[in-house]
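Student: Each chain, written out:
Protein chains: 6
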Amino acid sequence: MITTVCRKERFNSAHRLYRPDWSDEKNDEVFGLCARPNFHGHNYDLIVKVTGTVDPETGYLMDLKILKDMIRDEVIERFDHRNLNLDVPDFKDLNPTAENIAQVIWERLRSRLKQDLDLSVVLYETERNFVEYHGK
Amino acid sequence: MITTVCRKERFNSAHRLYRPDWSDEKNDEVFGLCARPNFHGHNYDLIVKVTGTVDPETGYLMDLKILKDMIRDEVIERFDHRNLNLDVPDFKDLNPTAENIAQVIWERLRSRLKQDLDLSVVLYETERNFVEYHGK
Amino acid sequence: MITTVCRKERFNSAHRLYRPDWSDEKNDEVFGLCARPNFHGHNYDLIVKVTGTVDPETGYLMDLKILKDMIRDEVIERFDHRNLNLDVPDFKDLNPTAENIAQVIWERLRSRLKQDLDLSVVLYETERNFVEYHGK
Amino acid sequence: MITTVCRKERFNSAHRLYRPDWSDEKNDEVFGLCARPNFHGHNYDLIVKVTGTVDPETGYLMDLKILKDMIRDEVIERFDHRNLNLDVPDFKDLNPTAENIAQVIWERLRSRLKQDLDLSVVLYETERNFVEYHGK
Amino acid sequence: MITTVCRKERFNSAHRLYRPDWSDEKNDEVFGLCARPNFHGHNYDLIVKVTGTVDPETGYLMDLKILKDMIRDEVIERFDHRNLNLDVPDFKDLNPTAENIAQVIWERLRSRLKQDLDLSVVLYETERNFVEYHGK
Amino acid sequence: MITTVCRKERFNSAHRLYRPDWSDEKNDEVFGLCARPNFHGHNYDLIVKVTGTVDPETGYLMDLKILKDMIRDEVIERFDHRNLNLDVPDFKDLNPTAENIAQVIWERLRSRLKQDLDLSVVLYETERNFVEYHGK
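Residue numbers (the working numbering), protein chains in the order written: chain A, 14 to 149; chain B, 14 to 149; chain C, 14 to 149; chain D, 14 to 149; chain E, 14 to 149; chain F, 14 to 149.
Heads up, a few of these hints could be off.
Identical copies carry no separate label here, and so any pair may be met within one copy or between two of them.
To be verified - Below, simulated DMTMM-like cross-link-like pairs (lysine to aspartate or glutamate); rule was C-alpha separation at most 20 angstroms, straight line:
hint	residue 1	residue 2
1	39	76
2	78	42
3	21	145
4	105	90
5	39	68
6	62	140
These aren't lab readings, by the way, just hints derived from the structure by calculation. Model, not experiment: these values are computed from the prediction.
Chain A on its own, in the form it takes in the complex:
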C-alpha cells in the first residue's frame, strides 16, 4: 500500500531576483519588478509530500508531527521572517527564484528522510505562481 502524506507550512520572507554579475539594466530586463533593489516579499506556502509504505501497525506512513518538526528545523527557522538574499546562506550564490527555493528545500528535507521514502515539494510564491519539484 503505497500512499503519499502531505503537510502544508508557511513562511514569510523578503527577496529580490538578480545576478550581481549583470548590469542593472539586464537585471531589470530579465527579472522586471522582482529585481527592484530594496527587496519585496511573499507569504510562501509550502506543501511537502512524502510517498512510501504505510506501517500496518500504526496506520501511519510517517507521523506528520515528525515531518512538521523536520520542516520547521530545515525551512521555517532558516527562511521565515528573513531576507533570502542576505540572511540565508543557501542563496548566497543562488538566485532565490521559486524554482531554486523549491530545489533547496527538497535537498534539505531529502537528507533528513529515510531512503525508501520519495519526496516532492510544491512551493507557492503567490496563489497564482507556484512550482513543483520531485528531485528528478
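With the hints as your guide, set chains B, C, D, E and F onto chain A.
Tutor: For chains B, C, D, E and F alone, kept in the frame of chain A given last:
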C-alpha cells in the same frame, strides 16, 4: 484523449487514533492528542479523481452526477455525522488514520467503477494534513 | 484612530447536539444528523476581532502574539482534540451549537481583554455554516 | 533539474451542454440542468503547468510573465466574458464540457510552447468539479 | 444574546449587463465586456446572514436546515443553471448587476423570515468583486 | 437602497517593524521576529469596501473598474514589489504595521472618492492576521 475528472465532497466525523491491544501510555506516545479517549473530529475534504478516455459523443469522461451519487452511497452516507471508530464497520479493526480512511474509500469506489478507469483519492483531514492514494 | 485587529485560529473537536431531558425522537426531530449518539466532529475555524485605539508609539492596537496566546489558553487547550460534550465543562449543561460555542469563547476572551477594547468572534463549524457574536 | 512551474488564471463564460443532432429530451436526459437552452455560466479557474529544465543562469524554467501573456492571448481574450457555444469557434462543433475545454486550451498552449517543455492543464468549472489534461 | 448565523450557498448563472433603451455604444461604454450580447457567466457565492436571539432551549438562532431550504426555494431553484436576463422574471426590467441581484435575493428572503430577525446578504460575483446588502 | 461594493486586490512587499529611536533590544522585545534588520515580506490581500446609494439607471453603486484603477494608482503602483520602509514615503516616519498600512491606504482612497460614499478597508498581512479600518 486520456483525461482526469475530479469531484470534491465533504464529510464531518468523529474519530480517535489508538490500538486496543496497546496500553494507554503507548497510544499516547505514538498518537499524541489524537489518542484522547472521548474522540475529536474533522471536516474531511475528499477529492476523487477518475482517469480514462473521454466519450467523443458526449464530451464526458463520466457524468460527474454519477460519480457524486457513488461517493454519496459509498462514503457520505456511511461516514458523515458518524463516529468512524464506533459506527463504521470498515474501521472495526482498522485505525482510522487519514492513510487508512483514504484506502478504505478507494477500495469502496474502485469496486463500483468500470475496470478501464483509473482511480485516485485525496483526503484532507485538515487544510494542512492530507494524503493521496492511487491504489498501487 | 479606531481599528480592528483579527486573528484566525483552529481547533478540531467532536460534539453532538441533544438535550438529555428530551426523548431520542425529539432530539432527532430537532437536531437531525447532529444528534447521532456517538458524536461527529468538525475542524472549527475561529476568527477573533478586537477593536480599539492604535498605540501611536508602536503602531499596534495590540500585539497579535498576545492575542494568539490568549486564544491558545482559553480556547485551543480546552477545546482542541477533545469532545465538547464530554471533556469541556463549559458544555456540561449547554448544548454545543455553534451559537453557544461562540458565546462561550466570547465570554472567556472578554474576561481577559482590557475593558476599553471591543470583542467579536466568528466561528465556522464548516465552510458553509458559521456564526458571529458581538456580545450585545 | 526537472521542475514544473504553474500559473493560475481565470475567465468567466456562459455555456450550455447539448448536441444539436439530439432531441431536447435526449439532451435533458444526458446533460440535465446543463442543457437548459438559455445558457448558464461559470468562473473558470485555469492552472497551466509547464515542466522542463531550469536555466541555471536565471533560475527560471520560463518567465511566468511570458506564460501569463501566452494564456491571455490564447485563452482569456478568446473565452473571457463570452459565450463558449456562440462566440468561440473552437466549440462550433464541440460540446463545451470541462473535458473538451481543457483539451482545447492544452492544444492552443502546446502550439506556442517550445517542444522540450511538457504541458498540463487543470480546469475548475466549479470548486467541486474539475478536470486535468496532460495531452497523452 | 443577539447572534448572527450565516449560510453559504452557490449558483451558476449566465447574464449580461445592458439597458435595452440605450444604444450598443452606450452599453459598451458603461458596462464594457459585461455588455457583450451573447452573455457570459459566473459561479455566484451567496452568504445569507440572519441576526436575532438564540433560543435557550435549543441553542439555535434558527435551524440552518430551514435557512438552507429557504435559500434553495427562493434563490437556487430560480437562478441556478439559468440565464438571469432571459429566464428569471425578477430581472425582466432590472439590470442583473451584483448590486441588483443582492437586493432581489434580500427581498425574496426577507418575505420568508420572521419579522424579529434581521437579514443581510453578501454576493460574490467573483472572488474579487462582491457586494453586501442589509436592506437599509 | 444603501449597498456596499467590494474589490479585492493584492500586493507583495518587504517590510520590518521597528522604531529607529529605540535600541535593538527594545525593538526585538516589542516586535520580535518582525524587527529583524534585513526585512521579511508578505503577500498582502486588500479588500476595499465602498458604501453608498445604487444608481437606479445603471444598477451600479460605482463601476468596479474605476475602483480597481483607483486602488492601482494609490496602492499597487506605490507598494507592490517594493520595500515599505525604504521605498514608500508614507512610511518614512511611520512603522508599517498592518494597522498603519490600512490607515494609509484608507486615507489615500478617501481623498479620491466622492464625499457621499463611505469607505472601509480590510488588510490581510497573512491569512491569519488581518485588520479592518473604517476611518472613524
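Student: Up to 20 angstroms between alpha-carbons, please classify residue 105 paired with residue 90: within, between, both or neither.
Tutor: within (17 angstroms within a copy, 30 angstroms between copies)
Student: How would you label the pair residue 78, residue 42 (within, between, both, or neither) given a Cα cut-off of 20 angstroms?
Tutor: between (44 angstroms within a copy, 12 angstroms between copies)
Student: Go through the copies and call it for residue 62 and residue 140: within, between, both or neither, with a Cα cutoff of 20 angstroms.
Tutor: Both: 19 angstroms inside a chain and 14 angstroms across chains, each within 20 angstroms.
Student: For residue 21 vs residue 145, is the C-alpha pair at or below 20 angstroms within one copy, between two copies, both, or neither?
Tutor: both (14 angstroms within a copy, 14 angstroms between copies)
Student: Can you give me the call for residue 39 and residue 68, within, between, both or neither, at a CA distance of at most 20 angstroms?
Tutor: Cα proximity of residue 39 and residue 68: across copies only (16 angstroms, versus 53 angstroms in one copy).
Student: With identical chains treated as interchangeable, where does the CA-CA distance between residue 39 and residue 76 reach 20 angstroms or less: within a copy, between copies, both, or neither?
Tutor: The answer is between: 14 angstroms across copies meets 20 angstroms, while 47 angstroms in one copy does not.
In the structure shown, no violation is registered for any of the earlier numbered hints.
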